[in-house]
Amino acid sequence: MSEEVLSIKNLKKEFGQNKVLKGIDFSLRDKERVVVLGPSGSGKSTFLRCINRMEEPTSGEMSFEGTLITDKNIQQMRQKIGMVFQHFNLINNLTVMQNLTLAPAKLKLMNLEAAEKKARNLLRHIGLLNKADAYPASLSGGQQQRIAIIRAMMMNPEILLFDEPTSALDPESIGDVLDLIREVVDAGMTVMIVTHEMGFAREIASRVIFVDQGHIIEEGTPTEFFEHPQTPRVQEFLKKVLY
Amino acid sequence: MNEFWDKVVELFTTPQYIDSLLHGFLLTLQISFFAILLGLIIGTIVALIDTSKRTKWTILPKAICKIYTTVIRGTPMALQLFIMFFVIFAIRGFPQIIIAILAFGFNSGAYVAEVIRSGIQSVDKGQTEAGMALGLSRFTIFRRIVAPQAIKNILPALGNEIVTVIKETAIVSMVGMYDLNMAAKDIGSGQNMASYIVPMFVAALFYLATVYLITFIIRQIEKHLRRSERRA
Ligand SMILES: Nc1ncnc2c1ncn2[C@@H]1O[C@H](COP(=O)(O)OP(=O)(O)OP(=O)(O)O)[C@@H](O)[C@H]1O
Ligand SMILES: [Mg+2]
Chain Z
15 MSEEVLSIKN LKKEFGQNKV LKGIDFSLRD KERVVVLGPS GSGKSTFLRC
65 INRMEEPTSG EMSFEGTLIT DKNIQQMRQK IGMVFQHFNL INNLTVMQNL
115 TLAPAKLKLM NLEAAEKKAR NLLRHIGLLN KADAYPASLS GGQQQRIAII
165 RAMMMNPEIL LFDEPTSALD PESIGDVLDL IREVVDAGMT VMIVTHEMGF
215 AREIASRVIF VDQGHIIEEG TPTEFFEHPQ TPRVQEFLKK VLY
Chain C
285 MNEFWDKVVE LFTTPQYIDS LLHGFLLTLQ ISFFAILLGL IIGTIVALID
335 TSKRTKWTIL PKAICKIYTT VIRGTPMALQ LFIMFFVIFA IRGFPQIIIA
385 ILAFGFNSGA YVAEVIRSGI QSVDKGQTEA GMALGLSRFT IFRRIVAPQA
435 IKNILPALGN EIVTVIKETA IVSMVGMYDL NMAAKDIGSG QNMASYIVPM
485 FVAALFYLAT VYLITFIIRQ IEKHLRRSER RA
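Note that the protein sequences, when read in sequence, are chains Z and C.
Numbering of the first sequence is given in this note's numbering, commencing with residue 15 and proceeding in unit increments.
Numbering of the second sequence is given in this note's numbering, commencing with residue 285 and proceeding in unit increments.
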């Protein structure tokens, strides 16, 4: 088995009285492709957002590559833990090129020239080189999300977190975005993906986890999970989403 | 009507009147300019404290800012001016203009703070999160992402506040300062002019022209900011 990149022990998150995560134990190994499933409001986003501390966990321990994630080192950690949002979150006042180069240049991962060269290569690769100087508002959702994905790739992250990357897209652009994610995964990226695209989940996952009421209640390979679900809760969920 | 124009001519051809008007106008501009500057500084600091993360270090500053904005926004400007003049700076010989600048600056600061605070908070949370997820510092996120977007919401409201300050400085005549408003009254009550309408009409034009100019400049800046985003 390959080495462990992320280790989470007894993660809990409460919003006031609302206990959303009630003790999650989870470990992610290099090159794993984990798809996170679960009903709406079960805490999938919260789980992902606790990993890079977009949300402050209430308690629990998380380590990344053997180092405990703390408030002190979180900025460093985030450079290695990329995130792709449901609503793309390209920076509105920056051009596509600036969106891609701001962080790598500012954080001195590479100089601006190298960053721009890398950005151009990635843009060319996704067929959007001609949008380098455009502002996000002038792009379609699918274009924005693909740029958001290569923006995350610009940092050379160890893992990438996707929170429903296609949920805000029109059906036509979903395919383009899924193709790009597939490509990123095939290149060996370690990923965690929250998605409602069951076909894609099944195809891409090396492991599926199912979150319900603040716990991971079932996990397994896609075949195990989709063909032989163990818990009644998952059986019921699959019946609904797969008809 | 003829008499009106005669008085206008008289006003603009009598050096003493022109002198009074310009002196008053200059004082109005001086108080306004420095009060606005002070208000911007105070308002920015208060807004930054107000929107900063809640930690044990920011609880007290946040509370102080809250009290400051509540008191200033909840009491009349004229009363604040009186308190500055007759309570806090009841010192003989202290330059009146400085007291007035402090009074209007502290007043404006509370409103500017509110304008900047709501401008910052109107920027989509996803923009900050994008910066955070890339490992950028809070400072960089503010400077490169939040501030440039907030400024577009802030500018129009800030223009209103500047105009308000300029007009509101007219109440310094209540503490005997010789601003544009006072000059108009002074000229009008004089033996020779013996008419309030003309000097006050002219003073109104001065205020209007100033306000119009400020509004125009702010519009131009807004337009410029918007254009830079529509490119390509
Ligand atoms: N910032 C917040 N403040 C308060 N409550 C929150 C916050 N974020 C999430 N919650 C609550 O946490 C619970 C889980 O939300 P979360 O967004 O993690 O669910 P999810 O599984 O991602 O759902 P969906 O499939 O709809 O995206 C919900 O009850 C939600 O109301
Ligand atoms: Mg969610």
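If you're looking for bench data, these hints aren't it; they were derived computationally from the structure.
Model, not experiment: these values are computed from the prediction.
Every residue, glycine too, gets a C-beta built ideally from N, C-alpha and C.
Check the hints yourself; a few may be wrong.
[Claimed, not checked] When the alpha-carbon atoms are kept at most 16 Å apart in a straight line, the in silico EDC-like pairs for lysine to aspartate or glutamate are as follows:
1. K409(C) x E69(Z)
2. K337(C) x E70(Z)
3. K26(Z) x E69(Z)
[Stated by the list, open to error] Ranges of calculated distance between the beta carbons of each label pair, as one might list FRET restraints:
4. N125(Z) x L489(C): 51 to 61 Å
5. K45(Z) x P440(C): 33 to 43 Å
6. V355(C) x R247(Z): 51 to 61 Å
7. E506(C) x S54(Z): 53 to 63 Å
8. I88(Z) x L489(C): 55 to 65 Å
Checked hints:
Between K409(C) and E69(Z) the alpha-carbon distance is near 13 Å, which keeps this suggested pair within the 16 Å criterion. Only pairs whose Cα atoms come within 16 Å are accepted, and K337(C) paired with E70(Z) is accepted, the gap being roughly 13 Å. Pair hint K26(Z) plus E69(Z) holds up; C-alpha atoms about 11 Å apart against a cutoff of 16 Å. N125(Z) and L489(C) have their C-beta atoms about 57 Å apart, which keeps the hinted 51 to 61 Å range intact.
At roughly 52 Å, the beta carbons of K45(Z) and P440(C) sit outside the given window of 33 to 43 Å. Judged by the Cβ atoms, the range 51 to 61 Å given for V355(C) and R247(Z) holds: they are separated by roughly 56 Å. Under the hint 53 to 63 Å, the C-beta atoms of E506(C) and S54(Z), about 41 Å apart, miss the expected range. One distance hint, 55 to 65 Å for the beta-carbon pair I88(Z) and L489(C), holds here, with the actual separation near 59 Å.
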